[in-house]
Amino acid sequence: MGMFAAADELPNRYAKVFLIDADGNRNPLVQLSPDDFDVLNRALEYPTRENFLRAASLMAGENWIPSFQPRPVLNVDINGQPVSESAKSFRTMVPSQLRPDRKLKRPSIEIQFWKLVYDPLTRHVRASLAETFLFTPEELLRSSREMKNS
Amino acid sequence: MKSPSSSRVSAGNSGRQPGVSPISRSRAASSRLGRFVEFAKNLEMVQTVSLLMLVLVTIFGFDDWLFRVVSRVCLFVFVLHPRSLRRPQFWFALALAGTISLVMSWERIDNHKYLLDYWLWILFVVHLFGQAEQQQQIVRFSARFFLCLAFLAASGQKLSSPSYRTGAMFEHYLYVDSRFSAFGKLVGIDPSIGDSVKRRIMFLRSPFAEVEGNDIHIGGSGRARVAALVMTWWDVSLQSAIGALLLFGRRRTDELAHILLLFFIFTTYIPAPVFGFGWILAIMGFALAKDQFPRITALYIVSFVAILLYQLPWRQVVVGV
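Protein chains in written order, with this note's numbering: chain A, 492 to 641; chain B, -8 to 312.
Don't read these hints as lab results, they were simulated from the structure. There's no promise every hint is true.
What the hints assert, rightly or not - 30 Å max Cα-Cα, derived BS3-like pairs, lysine-lysine:
1) Lys596/A <-> Lys507/A
2) Lys32/B <-> Lys606/A
3) Lys579/A <-> Lys176/B
4) Lys507/A <-> Lys189/B
5) Lys579/A <-> Lys606/A
Unchecked claim - To give an idea of the chain A side of the interface with chain B (calculated C-beta under 10 Å), a few residues:
6) Glu500
7) Tyr505
8) Val508
9) Glu536
10) Pro557
11) Gln560
12) Arg562
13) Pro563
14) Leu565
15) Lys579
16) Leu589
17) Trp605
18) Tyr609
19) Arg617
Said to hold, decoys possible - Computed spacing ranges between beta-carbons, pair by pair:
20) Gln302/B <-> Ser524/A: 25 to 31 Å
21) Glu35/B <-> Ser524/A: 46 to 52 Å
22) Pro586/A <-> Leu300/B: 38 to 44 Å
23) Asp529/A <-> Val178/B: 31 to 37 Å
Fair warning: this is a prediction, and the values are worked out from it, not measured in the lab. Think of the CB as a built atom: it goes at the ideal place given N, C-alpha and C, for glycine as much as any other residue.
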């Protein structure tokens, strides 16, 4: 926010990031490092596929370990109250400083770009999915090499 | 930088003397005020603008390491050799470092930082000229140009944005943006309302929650609604008035524009912690007012101090962190 201001700015934009492993397991990345956040926020400020690819390749370069226990997805009503657990569940992915003990196939990354719109008359906040970006392992590898060379 | 004032006042310690009448105390105060206005009047415009810009880039400059290093080196050079402030190379180094910072992270930089970089380039150009009159003309022209451009473009953009016009932006920020928490509390918005709104919005953001229809009722408060509408229209009306009044270039309209600009600076940066923008606006106002309005010039100097005082951690005290 500065001289020019509107609601469609970073505070009202966010991303949901999913790691998709070679077996097709899809789990969200929520424990991002400050560097991950920085690059992701840059992409949210200027949401192009190229900028989200930079963020995705940075995250894909980390060693993500799934938690043992899956965590159920909560159903939440319109008043913001959790009402039940849905049938869907995800594993929390934890970044590890250790290298993987065996050679793993590189994952894909899906980034969902969301926007929030507040309606002051109804006092409702509505989230809408602006775009979904899917980055293949090859694309992530290529981008990661380019980032290292630049 | 300044020429010494010749007036000497004997009532400097009058507040401590017993039996001094209120009339002589008020005379002493007005004489101190007079000396301050005289001091502001005697400042050399280009050198004062240069010094204020150096303070600005040192405290509120760009965040990357290159600019931080260059600005601190420049400060160090200035402390050792104050005349370095008049050298174009000094300003070229700062302007170039600023431009590199902009290019490196242009997606994330606040738009007033672009204004800051333009001003650094202007000071570089100004110091290429040897004559004081030419230097002052360039500074005055640039100040008027950028004040008109920034305020008119900003108010045009805001008026064209539906989410701004409806007050939705400020109301939402009053709930969720921590920079507005202290101001919200000052105007009577209970912090628990903001916390509740943030908690509900977290469900929308979390991949571990599915909100019915991706739509959530946030509660909120009527007071926040009124505060947001006041902030919205106060901001856009002041900005458009300042920009429009400065277009005329007449003494009367300029004076009114300065009064509004000072009001804008003194009030905006209490809730909005965008101090670098406030400081650069005050520099431009100071440059424009300097040779025409001595009292207004003195008020601009007070505004620099006010902007620094707004930095004190009063927000944490108000919010109770």
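Hints, one by one, checked against the model:
1. Lys596/A <-> Lys507/A: holds, 22 Å
2. Lys32/B <-> Lys606/A: violated, 51 Å
3. Lys579/A <-> Lys176/B: Answer violated: Lys579/A to Lys176/B is near 40 Å, above 30 Å.
4. Lys507/A <-> Lys189/B: holds, 17 Å
5. Lys579/A <-> Lys606/A: holds, 23 Å
6. Glu500: Because about 8 Å separates Glu500/A from the closest Cβ in chain B, which is inside the 10 Å limit, the hint holds.
7. Tyr505: holds, 5 Å
8. Val508: holds, 8 Å
9. Glu536: Status holds, d = 5 Å.
10. Pro557: Because about 14 Å separates Pro557/A from the closest Cβ in chain B, which is outside the 10 Å limit, the hint is violated.
11. Gln560: Cβ of Gln560/A sits 13 Å from chain B, so the hint is violated.
12. Arg562: holds, 6 Å
13. Pro563: Interface hint status for Pro563/A: holds (8 Å vs cutoff 10 Å).
14. Leu565: holds, 5 Å
15. Lys579: holds, 8 Å
16. Leu589: Given a least distance of 25 Å, the restraint on Leu589/A is violated.
17. Trp605: holds, 8 Å
18. Tyr609: Hint holds; Tyr609/A Cβ to chain B Cβ min 4 Å, cut 10 Å.
19. Arg617: holds, 5 Å
20. Gln302/B <-> Ser524/A: 25 to 31 Å: Between Gln302/B and Ser524/A, where Cβ atoms are some 30 Å apart, the hint holds.
21. Glu35/B <-> Ser524/A: 46 to 52 Å: The hint (46 to 52 Å, Cβ to Cβ) holds, given that Glu35/B and Ser524/A are roughly 50 Å apart.
22. Pro586/A <-> Leu300/B: 38 to 44 Å: holds, 42 Å
23. Asp529/A <-> Val178/B: 31 to 37 Å: holds, 33 Å
Figure legend: structure checked against the earlier numbered hints; hints not met, in rising order: 2, 3, 10, 11 and 16.
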